[in-house]
Amino acid sequence: MTPEELIKKIKERFEVETHTSQTKTPYPRKRIWIGIDRENFKSLMKYLQEIDPHAQFSIIIGEDRGDYLSATYHLELFCEEEPSLSVAVTTTCPKEDPKIPSLGDVFPSSVPYERENQEFLGIVFEGIPDPRRLFLPDDFPEGVYPLRLDETGITPEMVKNAGHPYKVKKEGS
Amino acid sequence: MNGRIEYWVKIPIGPIHPALEEPEKFIITLDGERIINVDVKLGYNLRGLEWIAMRRNYIQLLYLVERICGICSFSHNHTYTRAVEEMAGIEVPERAEYIRAIIGELERIHSHLLNLGVVGHAIGYDTVLHLSWLARERVMDILEAIGGNRVNYAMNTIGGVRRDIEDKHKRAILEMIKYYREEIMPKIEEIFLYDPTVEARLRDAGVIPKRIAVEYSAQGPTARGSGIKKDIRYNEQLGVYPDLGVKPITPKEFTGVIKGDVFDRMVVRVGELWQSMEIIERAFDQMPEGKIKTFPKDNVALVKLKKADGMGIGRYEAPRGETIHYVRANPGTDGPAKWKAREPTFPNLFAVARALVGEQLADVPVAIASIDPCLSCTDRVAVIDSNTGIKRILTEKDLLKASIDKTREINPNIKAKPELIGTTCGGVRL
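Order-wise, the sequence lines are chains A and B. Residue numbers for the first sequence follow my numbering, so the first one is 1 and each next one is one higher. Residue numbers for the second sequence follow my numbering, so the first one is 1 and each next one is one higher.
Source of the hints: derived by calculation from the structure; they are not laboratory data. What you are looking at is a predicted structure, and each value in this text was computed from that prediction instead of being measured. Treat the hints with care, as some may be off.
As the list claims (entries may be wrong) - Examples of chain B residues toward chain A, derived with CB under 10 Å: (1) Gly89; (2) Glu215; (3) Ala218; (4) Ala223; (5) Ile228; (6) Ile232; (7) Leu238.
Claimed, not checked - Below, simulated DSBU-like cross-link-like pairs (lysine-lysine); rule was C-alpha separation at most 30 Å, straight line: (8) B:Lys306 - A:Lys95; (9) A:Lys99 - B:Lys291; (10) A:Lys24 - B:Lys291; (11) B:Lys178 - A:Lys30; (12) A:Lys24 - B:Lys304; (13) A:Lys46 - B:Lys304; (14) A:Lys30 - B:Lys307; (15) A:Lys8 - B:Lys229; (16) B:Lys178 - B:Lys252; (17) B:Lys307 - A:Lys24; (18) A:Lys11 - A:Lys46; (19) B:Lys247 - A:Lys24; (20) B:Lys304 - A:Lys30; (21) A:Lys30 - B:Lys41; (22) A:Lys9 - B:Lys252; (23) B:Lys178 - B:Lys306; (24) A:Lys42 - B:Lys229; (25) B:Lys210 - A:Lys30; (26) B:Lys41 - A:Lys95; (27) A:Lys46 - B:Lys178; (28) A:Lys30 - B:Lys297; (29) B:Lys210 - A:Lys42; (30) B:Lys306 - B:Lys291.
Virtual Cβ for every residue (Gly too), placed ideally from N, Cα, C.
Working from the sequences, and respecting the hints, build out all of it.
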């Protein structure tokens, strides 16, 4: 399937903004960028998985774009063929209501990335099967999102002694 | 003396040491010897690179991304430059693409040799470790001769490479390939393809079936060992790789079966060592003369990048799997608005954590080592007994002991006859 065919197929079902970028190597290669609102986002991802049941999900790029948050999902379709299709789907949400449906039931491998974006950017993934923290320590203050652009940094109250570095008690004592 | 205080000093080696890159914690729940749940906790080595990246320009970022990992430093650098080139529409000279391919394959050789040794160490065959790591010195010397450093060779720049491969380097590389073909590869193959103890120990350990590998997006040799024919160099038609004839390697071509266990992943690595050497030779045959970078100086590149608007994704097949970098331009400034990287260990970890359920505790070190994580992952393992609920922390030493004991059970003669696989390597008796 060529990139143009895929875009045509998607546009028959969904209202999306698309553009393709092309690299300038000896073998030019197209990448498809799709923008979609968050209401139709999950059904689009399900449709992409229908097109290729072996679609490989690779990354969620969460971004703070000033007045709204965006999440870009990169997928690879037909990954056992040459050339495969590289698709990046972007959806956005306002900062006051930062909710995006979770893809945990469509692509199970997206859950670690959702946990990552949840703690770093404060995007709430609705219906995420495992909402615990992955990177930040469990006692990190709630409601502080380190990668938001309006983040001011660490206040002195947040700094804690992580324990004596050299003296460790014997087990059981 | 009453109330004696026990001091337990832990010396962190890192983050610069190439083998100790990402400390991770695996919380394993046990029922007897069987694992019933594996949980992964990351972030012990969180350096806030994304936050630093927002304050740097594109050229300064080259040196930051290189220091994500010592082993795949070229891969990260390469992926990042590809992302920037896609964002700004920069063309790369053909000779530079060939040089990138050659350095990338040299790096793949040294990474795979490292991992073969680590897996040997995890099952108690330290001779394998000494053999492959001594062999690895040769390719690291070559990389030092070309780039000036054993790790972090800083070869890439935006729009090309920074150093040319000269005739003396070409001669040294071809000599090195001859040495590997004749001296090292027969021994590596004998150990990893035909040794009965290694086969008994690695077969059916840490099995990742194809369905799970697709579901959890396994990458690199982990995915190919499970039978997914996926290689970014081949899928993405990256650079000049289509001219070099890259094909994904699966264990089927060597053993005829695909089980997705540790043995299969090792077979893929052995196959890729052969493939990498072929690619380098082919690249030398086809490499044209010409310039090696588009911009004569870095500030010229920055002026061009200042006008850029848009975003780019770079992808590359690092030795461990697919690396992705994303860059979004900040028009009018010389730095990016957003940079994000994903290394292959991240999805592989969750795939192997899922695969460990139902396995034995003694297989944990070798299963984790087989995805080639930036090691020190087996730093600490917390074990919870499901009957009593007691939690105990196992160190790397305890785990390795359990793993080595299992090998001894399979083949009690190993200690008695170490010269079975004892080999000479480059004139040095191991």
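Evaluation of the provided hints:
no. : hint                : result
1   : Gly89               : 6 Å, holds
2   : Glu215              : 5 Å, holds
3   : Ala218              : 9 Å, holds
4   : Ala223              : 9 Å, holds
5   : Ile228              : 7 Å, holds
6   : Ile232              : 9 Å, holds
7   : Leu238              : 7 Å, holds
8   : B:Lys306 - A:Lys95  : 29 Å, holds
9   : A:Lys99 - B:Lys291  : 50 Å, violated
10  : A:Lys24 - B:Lys291  : 17 Å, holds
11  : B:Lys178 - A:Lys30  : 39 Å, violated
12  : A:Lys24 - B:Lys304  : 16 Å, holds
13  : A:Lys46 - B:Lys304  : 40 Å, violated
14  : A:Lys30 - B:Lys307  : 22 Å, holds
15  : A:Lys8 - B:Lys229   : 28 Å, holds
16  : B:Lys178 - B:Lys252 : 26 Å, holds
17  : B:Lys307 - A:Lys24  : 18 Å, holds
18  : A:Lys11 - A:Lys46   : 15 Å, holds
19  : B:Lys247 - A:Lys24  : 22 Å, holds
20  : B:Lys304 - A:Lys30  : 22 Å, holds
21  : A:Lys30 - B:Lys41   : 36 Å, violated
22  : A:Lys9 - B:Lys252   : 36 Å, violated
23  : B:Lys178 - B:Lys306 : 46 Å, violated
24  : A:Lys42 - B:Lys229  : 28 Å, holds
25  : B:Lys210 - A:Lys30  : 28 Å, holds
26  : B:Lys41 - A:Lys95   : 28 Å, holds
27  : A:Lys46 - B:Lys178  : 50 Å, violated
28  : A:Lys30 - B:Lys297  : 29 Å, holds
29  : B:Lys210 - A:Lys42  : 25 Å, holds
30  : B:Lys306 - B:Lys291 : 24 Å, holds
Violated hints, in rising order: 9, 11, 13, 21, 22, 23, 27; the structure is consistent with all others.
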